[in-house]
Amino acid sequence: MIANQKGVDMAINFSVNGRPVSVNAPESTRLLWVLREELKLSGTKFGCGAGQCGACMVHIDGERMFSCLMPVAAAQGKAVTTIEGLSPGRMNALQRAWLAESVPQCGYCQSGQLMSAAALLAANPRPTRAEIKDHMSANVCRCGTYPRIVRAIERAVREG
Amino acid sequence: MTTRREFMVGAAGLTFTVLVDGCAAMRTEELRAGAALASAPAGGAKTVNAWASLAQDGTVYIVNPAVEMGQGSQTAIPLIIAEEMDADWSRVVIVPAAPDDKIYGNPGFRGLMYTAGSATVTGYWDVARTFGAQVRRVVMENAARKWDVPLAELSTEPSTVLHAKTGRRLSYGEIAAFAQVPAAAPTIRLEELKKPEQYRLIGKDVMRVELPTKVNGTAQYSIDVQLPGMLYGAVLRGPVEGTSPLTIDDAQARAVAGVVRIVPMAFGVGVIGETPWAAFDAKNALKVTWDRRARAFGHDSDEAIPVYSAAARDFNRAGKPWDTAGDARGAMQKAAKIYESEYVCDYSYHAQMEPLNSVASVSAAGDACEIWCGTQSQTMAVAAVAKALAIPVEKVKLNLTLLGGGFGRRGHRDEEFVVDSVLLSREVKRPVKVLWTREDDVHNGRFRPLSVHFLRAGLDSSGRIVAWQHRVACDEITAFQDPLRYKGGGEKDFLAMAGSELRTYDIPNRLSEQLPQETGIRTSSLRGIGFGPNKFATEAFLDEVAAKHGLDPVELRLQLLKNTPRGQAVIRAVVEMSDYRRKRPGRGLGFSFIDYSGTMVAAVAEVSVDKARGKVSVHDFWLALDPGIAVQPDNVVAQTESSIVYGLGLALTERIAIKDGAVQQSNILDYGVPRMHDIPELHIKLMSTPNRPTGAGQMATPIVAPAISSAVFAASGARVRHMPFLPERVLAAMA
Ligand code: FES
Ligand code: FES
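Residue numbers (this note's numbering), protein chains in the order written: chain A, 782 to 941; chain B, 24 to 758.
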């Protein structure tokens with residue numbers, strides 16, 4: 782799955798949630814594992830490792846990205862945002878709406894759902910329901926919280 | 024399980040514990056260390072084997088015996104206890120129970136600490152309420168003594184005892200400072216418990232305690248555990264259960280940078296690395312050949328269907344009876360009209376969102392172990408680890424985390440995904456986190472079995488169903504998943520057969536029986552267990568009988584439920600909600616009903632069928648359910664939404680195919696988990712009644728497939744009898 786680049790571990794520099802980081806890992810190592818196991822930011826989740834579930838969703842320079850597919854070397858010089866950095870210290874409108882609608886069940890997919898939803902609203906502050914469904918279909922929720930995610934996004938739009 | 028309750032006084036607070044019959048003579052010190060509360064509460068309250076503890080600062084500690092996988096039990100059980108205690112919920116701290124079946128086992132689950140089957144609230148309902156009421160009584164008795172007033176003059180408000188006549192008040196924390204505990208627990212009769220209209224917490228939608236951690240990334244699952252000096256493990260398992268490595272070529276794996284150890288095991292090869300990527304790379308670089316003696320080699324799911332079908336249809340082959348009433352065979356012979364049909368369900372997979380993983384730290388001497396895992400049974404996990412290391416259970420310390428989904432996958436007696444990290448940690452005497460990739464999780468999956476259902480209904484001349492036969496040919500589940508329970512429970516395969524009983528329906532002569540197929544395939548309970556396949560078969564078949572005999576499917580169910588008013592009520596509700604009698608051009612409506620362990624569920628699906636491509640689209644789904652008392656009503660609705668979405672995937676797209684014993688699918692996409700754009704509009708009506716709660720975590724899953732199958736028939740005239748309803752199957756049914 783992860784091709785190993787023997788002996789070419791070089792420092793890769795980027796920022797995570799506004800803090801500069803420098804990591805040593807084989808270039809092709811997926812950003813997900815570096816975030817989780819090196820940088821101890823475990824809010825970003827591993828679900829499939831193949832871009833099929835969205836549990837690993839982060840923002841790269843403000844755009845959503847499957848961190849399980851992204852080689853860490855590709856993060857060089859970029860700004861990475863994880864769930865921990867979505868709205869540090871206080872809840873944003875989406876997180877408040879998520880609680881108001883009691884969205885999470887097992888919760889495992891929810892970091893990724895929130896990162897996807899935040900990217901949607903950043904690009905399209907008043908999405909239609911069809912746009913929400915289309916955009917959010919990149920993320921799987923096995924607990925089936927989909928109806929509540931739709932409601933929560935619409936609430937966040939409404940309540941701001 | 025009957026328990027006798029005894030109270031013990033804590034050093035600086037009031038601690039309430041439950042001692043089991045026969046163990047009541049044990050002194051506190053003798054209770055095993057492993058049973059101490061997992062995290063000792065602050066504030067000086069002493070808690071040993073406690074269910075609850077009142078601290079002088081007003082904090083109320085309540086033990087949660089269940090695991091949390093999204094269904095809300097972590098909140099619901101303490102909430103029920105707090106309700107009867109009349110505790111101030113804002114001062115409640117929930118403490119995970121230590122792994123001890125004797126003290127914390129679920130009376131509704133054979134006394135095991137086992138969170139499954141939507142049996143948690145149901146199982147603990149009486150125990151939790153009674154215990155809470157006993158605590159309240161003791162607190163009140165202490166206040167009565169202090170004030171020297173009759174107990175009958177006292178009442179409570181949250182965490183406060185009141186004497187209305189004199190206006191005096193004492194908080195539970197104040198009482199904890201001087202309270203004495205009676206030698207024997209006060210007797211509380213069920214009639215003395217609160218009436219639903221007195222509830223302050225039950226039925227009021229209290230926020231689940233862990234919810235805030237699930238919107239900011241701080242919720243802790245076992246995959247998130249970090250320990251100093253921790254290594255990473257991966258395990259390559261053989262393609263089928265019971266096979267062993269014949270040859271292992273690990274030359275390339277050893278060459279991977281960061282690999283620490285390659286560990287040959289009975290069932291595969293383990294790899295330990297400094298990083299997850301080192302472990303994954305090395306695992307992928309292994310070249311292993313496998314011993315072919317295991318039973319499952321050669322099994323092919325497509326080829327197995329005719330074999331199962333032949334078994335189900337051959338009435339000369341006696342099955343293992345499950346549901347018996349009257350004389351099904353005799354009544355069938357006398358029936359005026361017999362209908363028969365066959366239904367098929369493919370293997371299906373849990374796809375819980377968190378791929379299986381665990382963390383273990385085995386002591387240097389190998390005589391003790393600490394584990395971090397998300398299991399559905401704390402005591403099974405501890406027992407499996409103790410067995411693997413040949414050490415006593417007291418030497419295993421469990422750290423239970425949240426579960427990233429369970430759905431029946433995490434409660435097998437062998438807890439293999441927990442033992443993985445234990446075996447690898449033992450090799451290096453360092454903590455090891457074993458990660459299964461999603462591909463591992465699919466390939467090493469344990470599945471709801473392949474099943475073929477042959478059904479017969481015999482009607483008398485008035486059109487009443489008088490005889491019913493349901494023969495289920497399927498892989499065995501219980502014998503594989505939990506051999507102990509299987510042997511102890513009369514070798515009944517309840518995980519496969521549950522739901523084939525039609526106790527609520529007024530059919531006098533019934534026989535459902537199992538024709539177990541020994542395939543060696545790894546099988547498992549899966550959300551809805553036997554209810555999924557069996558209700559698909561029975562309800563879709565009833566719709567078929569109704570159509571063929573010119574009966575109305577709704578009226579037929581209402582007649583069958585003539586002794587079950589609660590069943591009739593949910594049917595009438597869903598008929599009204601869905602405006603069932605209104606014809607919709609281009610659409611078909613399908614109706615279905617199930618009684619799931621006392622929870623009454625009725626549903627209507629509205630579908631259209633793309634007749635050129637065979638694709639089924641579900642547009643709306645209406646469902647009414649009566650689960651008795653809803654402890655957390657909005658959460659019951661959430662669980663119902665969840666169950667429907669799960670049922671949609673199983674009905675329409677999810678499928679595991681097996682060739683030569685090996686699983687053909689690999690990940691989320693080729694297995695076919697539903698996404699947001701696949702979900703119809705859901706319309707749910709919760710019809711709580713003041714009856715004991717009967718469960719809500721999976722009750723809707725089994726009703727989805729039969730409702731859709733019947734709707735497809737209404738829309739297209741084609742009867743889809745093979746789940747999932749893949750387009751090619753729909754096209755074949757229409758041809
Ligand atoms: S883990 Fe990245 S998409 Fe699933
Ligand atoms: S909340 Fe469990 S997978 Fe989404």
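Please note that a few of the clues may not be correct.
Using 25 Å as the maximum straight-line C-alpha spacing, the simulated SDA-like pairs for lysine to any residue come out as follows [claimed, not checked]:
#	chain 1	residue 1	chain 2	residue 2
1	B	K515	B	A502
2	B	K606	B	L581
3	A	K821	B	K638
4	B	K343	B	K357
5	B	K310	A	A881
6	A	K821	B	S640
7	A	K914	B	H700
8	B	K708	A	S809
9	A	K914	B	G252
10	A	K821	B	K310
11	B	K638	A	S809
12	A	K914	B	A502
13	A	K821	B	L250
14	A	K821	B	L705
15	A	K914	B	S631
16	B	K227	A	S809
17	A	K914	B	P588
18	A	K914	B	K357
19	B	K708	B	P588
20	A	K914	B	T189
21	A	K914	B	G486
22	B	K510	B	G543
23	B	K418	B	P588
24	B	K452	A	A881
25	A	K821	B	K510
26	B	K169	B	T189
Sample of chain B residues at the chain A side, in silico, Cβ under 8 Å [claimed, not checked]:
#	residue
27	F201
28	Q203
29	P205
30	V232
31	K237
32	L250
33	P251
34	E297
35	T298
36	V577
37	M699
Worth flagging that the hints you see were computed from the coordinates, not collected in a lab. Backbone N, C-alpha and C fix where the C-beta goes; we use that ideal spot for every residue, glycine too.
Checked hints:
Annotation: proposed proximity of K515/B to A502/B holds, straight-line Cα distance about 8 Å (limit 25 Å). With a CA separation close to 21 Å, the supplied pair K606/B and L581/B stays within the 25 Å bound. Restraint check for K821/A and K638/B: not satisfied, since their Cα atoms lie roughly 44 Å apart, outside the 25 Å limit. Proposed proximity of K343/B and K357/B is supported: the alpha carbons are some 24 Å apart, at most 25 Å.
A threshold of 25 Å between alpha carbons decides the hint, and for K310/B with A881/A the separation of about 51 Å lies outside it, so the pair is violated. Taken as a hint, the K821/A and S640/B pair is broken in the structure, with Cα atoms around 43 Å apart against an allowance of 25 Å. Proposed proximity of K914/A and H700/B is supported: the alpha carbons are some 6 Å apart, at most 25 Å. Distance check on the hinted pair: K708/B and S809/A sit about 50 Å apart at the alpha-carbon level, beyond 25 Å; violated.
With a C-alpha separation of about 43 Å, the suggested pair K914/A and G252/B falls outside the 25 Å cut-off, and the hint is violated. The straight-line distance between the Cα atoms of K821/A and K310/B is roughly 32 Å, outside the 25 Å bound, and the hint therefore fails. For the suggested pair K638/B and S809/A, the alpha carbons sit about 40 Å apart, so the restraint of at most 25 Å is broken. Pair hint K914/A plus A502/B does not hold up; C-alpha atoms about 42 Å apart against a cutoff of 25 Å.
Annotation: proposed proximity of K821/A to L250/B holds, straight-line Cα distance about 11 Å (limit 25 Å). Of the supplied pair hints, the one linking K821/A and L705/B is violated, its CA atoms being roughly 39 Å apart against a limit of 25 Å. With a C-alpha separation of about 20 Å, the suggested pairing of K914/A with S631/B holds against the 25 Å cut-off. At most 25 Å may separate the alpha-carbon atoms for a hinted pair to count; K227/B and S809/A exceed this at roughly 51 Å.
Between K914/A and P588/B, the direct Cα distance comes to roughly 39 Å. Violation of the 25 Å bound is thereby established for this hinted pair. Between K914/A and K357/B, the direct Cα distance comes to roughly 55 Å. Violation of the 25 Å bound is thereby established for this hinted pair. A distance of roughly 17 Å separates the Cα atoms of K708/B and P588/B; the hinted pair therefore holds under the 25 Å criterion. Pair hint K914/A plus T189/B does not hold up; C-alpha atoms about 61 Å apart against a cutoff of 25 Å.
Proposed proximity of K914/A and G486/B is contradicted: the alpha carbons are some 47 Å apart, above 25 Å. Using a Cα cut-off of 25 Å, the hinted pair K510/B and G543/B holds, with the two alpha carbons roughly 18 Å apart. For the proposed pair K418/B and P588/B, the alpha carbon gap of about 52 Å is over 25 Å, so the pair is violated. Note on K452/B and A881/A: the hinted pairing is violated, with a Cα-Cα distance of about 46 Å set against a maximum of 25 Å.
For the hint pairing K821/A with K510/B, the CA-to-CA distance comes to about 45 Å; that exceeds 25 Å, so the pair is violated. Distance hint between K169/B and T189/B is fulfilled; the C-alpha atoms sit about 14 Å from each other, no more than 25 Å. The interface hint given for F201/B is broken, as the beta carbon of that residue sits about 40 Å from the closest beta carbon of chain A, more than 8 Å. A least Cβ separation of about 42 Å between Q203/B and chain A goes past the 8 Å threshold, and the interface hint is therefore violated.
At its closest, the beta carbon of P205/B sits 41 Å from a beta carbon of chain A; the interface hint therefore is violated under the 8 Å criterion. With 8 Å as the threshold, the beta carbon of V232/B stays out of range of chain A, its nearest partner Cβ sitting at about 12 Å, so the hint is violated. A distance limit of 8 Å between C-beta atoms decides the matter here; for K237/B the minimum to chain A is near 3 Å, and the interface restraint holds. Among the interface hints, the one on L250/B is violated; its C-beta lies about 12 Å from the nearest C-beta in chain A, farther than the 8 Å criterion.
Look at P251/B: its Cβ only gets to about 12 Å from chain A, farther than 8 Å, so that hint breaks. With a cut of 8 Å, the hint placing E297/B at the interface with chain A is violated, because the nearest CB-to-CB distance is about 10 Å. Here the hint on T298/B is kept, as its CB sits about 7 Å from the closest CB of chain A, short of 8 Å. Residue-level restraint check for V577/B is violated (minimum Cβ-Cβ distance to chain A is 26 Å; threshold 8 Å).
With a cut of 8 Å, the hint placing M699/B at the interface with chain A holds, because the nearest CB-to-CB distance is about 4 Å.
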